[in-house]
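Asker: If you're matching them up, the sequences are chains H and V in order.
The working numbering applies: residue 21 is where the first sequence begins, and numbers increase by one.
The working numbering applies: residue 228 is where the second sequence begins, and numbers increase by one.
Quick caveat, the hints were computed from the structure, so don't treat them as lab data.
Wrong hints could be hidden among the right ones.
Think about it this way: if two alpha-carbon atoms lie no more than 20 Å apart in a straight line, the pair counts; the simulated SDA-like pairs of lysine to any residue are [as the list claims (entries may be wrong)]:
1) H:Lys82 x V:Trp282
2) V:Lys303 x H:Glu43
3) H:Lys82 x V:Asp317
Computed footprint of chain H on chain V, listed as stretches where at least three residues anywhere in the stretch have a Cβ under 8 Å from a Cβ of chain H [claimed, not checked]:
4) 292-301
5) 310-322
We put the CB at the ideal spot given by N, CA and C, even for glycine.
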Amino acid sequence: MKIVVNGTEAEIGATTLQAALKELGYGEARVATAVNEGFIPAAARAERRLTEGDRLEILSPKQGG
Amino acid sequence: MPEFYGTRISSRLMLGTAQYPSPQVLSTAFRRSGAGVATVSLRREAARGDGDGFWQVIRELGVPVLPNTAGCHSVKEAVTTAHMARELFDTDWIKLEVIGHSDSLQPDPFGLVEAARILSDDGFKVFPYTTEDGIVAGKLLDAGCRVLMPWGAPIGTGLGLNNPYGLRALRAQFPDIPMVIDAGIGLPSHAAQAMELGFDAVLLNTAVAKAGDPAAMAEGFAHALDAGRLAYEADPMPPRDMAQPSTPILGLAVLK
Numbered sequence: 021m022k023i024v025v026n027g028t029e030a031e032i033g034a035t036t037l038q039a040a041l042k043e044l045g046y047g048e049a050r051v052a053t054a055v056n057e058g059f060i061p062a063a064a065r066a067e068r069r070l071t072e073g074d075r076l077e078i079l080s081p082k083q084g085g
Numbered sequence: 228m229p230e231f232y233g234t235r236i237s238s239r240l241m242l243g244t245a246q247y248p249s250p251q252v253l254s255t256a257f258r259r260s261g262a263g264v265a266t267v268s269l270r271r272e273a274a275r276g277d278g279d280g281f282w283q284v285i286r287e288l289g290v291p292v293l294p295n296t297a298g299c300h301s302v303k304e305a306v307t308t309a310h311m312a313r314e315l316f317d318t319d320w321i322k323l324e325v326i327g328h329s330d331s332l333q334p335d336p337f338g339l340v341e342a343a344r345i346l347s348d349d350g351f352k353v354f355p356y357t358t359e360d361g362i363v364a365g366k367l368l369d370a371g372c373r374v375l376m377p378w379g380a381p382i383g384t385g386l387g388l389n390n391p392y393g394l395r396a397l398r399a400q401f402p403d404i405p406m407v408i409d410a411g412i413g414l415p416s417h418a419a420q421a422m423e424l425g426f427d428a429v430l431l432n433t434a435v436a437k438a439g440d441p442a443a444m445a446e447g448f449a450h451a452l453d454a455g456r457l458a459y460e461a462d463p464m465p466p467r468d469m470a471q472p473s474t475p476i477l478g479l480a481v482l483k
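Construct all of the structure, not just a fragment, from the sequences and the given hints.
Answerer: In structure tokens:
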């Protein structure tokens, strides 16, 4: 199915957030996630099912002031 | 040294981590400044995992981390970003920014208070980036904030303290609340002025990161903070308009 990952369309086979992260190459990276603008804690990723058109945000620690 | 939500910090300087020429320059400047807090952000991650390397650099600084919600223009954005930051950085501290104007980066006071209430109720320790407005400050305290971070000047301008009168009034209005001057600081003298006014700490980034020699500038800020704080604690003389001789008149020789 097609979803939007960090603003860019992506085609994935995974049906859960956890599986999608792995498929998209994030593996063990230290990231925080939101789906359709709502925060999804790491502990809930395995249960969070994705559907066509979902908007996934994957954020990591970055420089800030 | 001041306490923020029960945590005593080791320096009155809170230093940002953005815009440095390299991670090495960032680390060197940080260590030379002795900064007590590092501010950080969270942004979209490419799958290759750049964030892990940056996180390692920050952890090695050995200071508390203050994540921000920079760039958020709505309550919802800021609240969601704060939740992501809490998980990512493993801290309930959050520098709350709800920007109301994209040119001045002035806080939206209404959104700021609403987001501060939501986050405080959810266990966050909120550091609100606000203006020097005393009414807004009171609302932020009512919302659960125990620290205030009034701006000196708009973010990134380096103009210093634009409204010393307003900042002095805010300091006097809430004498027991830890307050950090956040944004607009361009020179060590600006930071010294903030300390002389009785503020507890200063948060800055660009002034160090964009200096020709960031490490030297970082050390300059550390000295300025010490000097300004010492002056505040020493109870400065009141200014006066008319000259007054410091050498006694009594006993002056008559030599005309």
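Asker: A separate judgement is required for each hint: does it hold in the structure or not?
Answerer: Structure-based check of all given hints:
| no. | hint | result |
| --- | --- | --- |
| 1 | H:Lys82 x V:Trp282 | 8 Å, holds |
| 2 | V:Lys303 x H:Glu43 | 29 Å, violated |
| 3 | H:Lys82 x V:Asp317 | 14 Å, holds |
| 4 | 292-301 | holds (count 3) |
| 5 | 310-322 | holds (count 6) |
Of the numbered hints listed earlier, the single one contradicted by the structure is hint 2.
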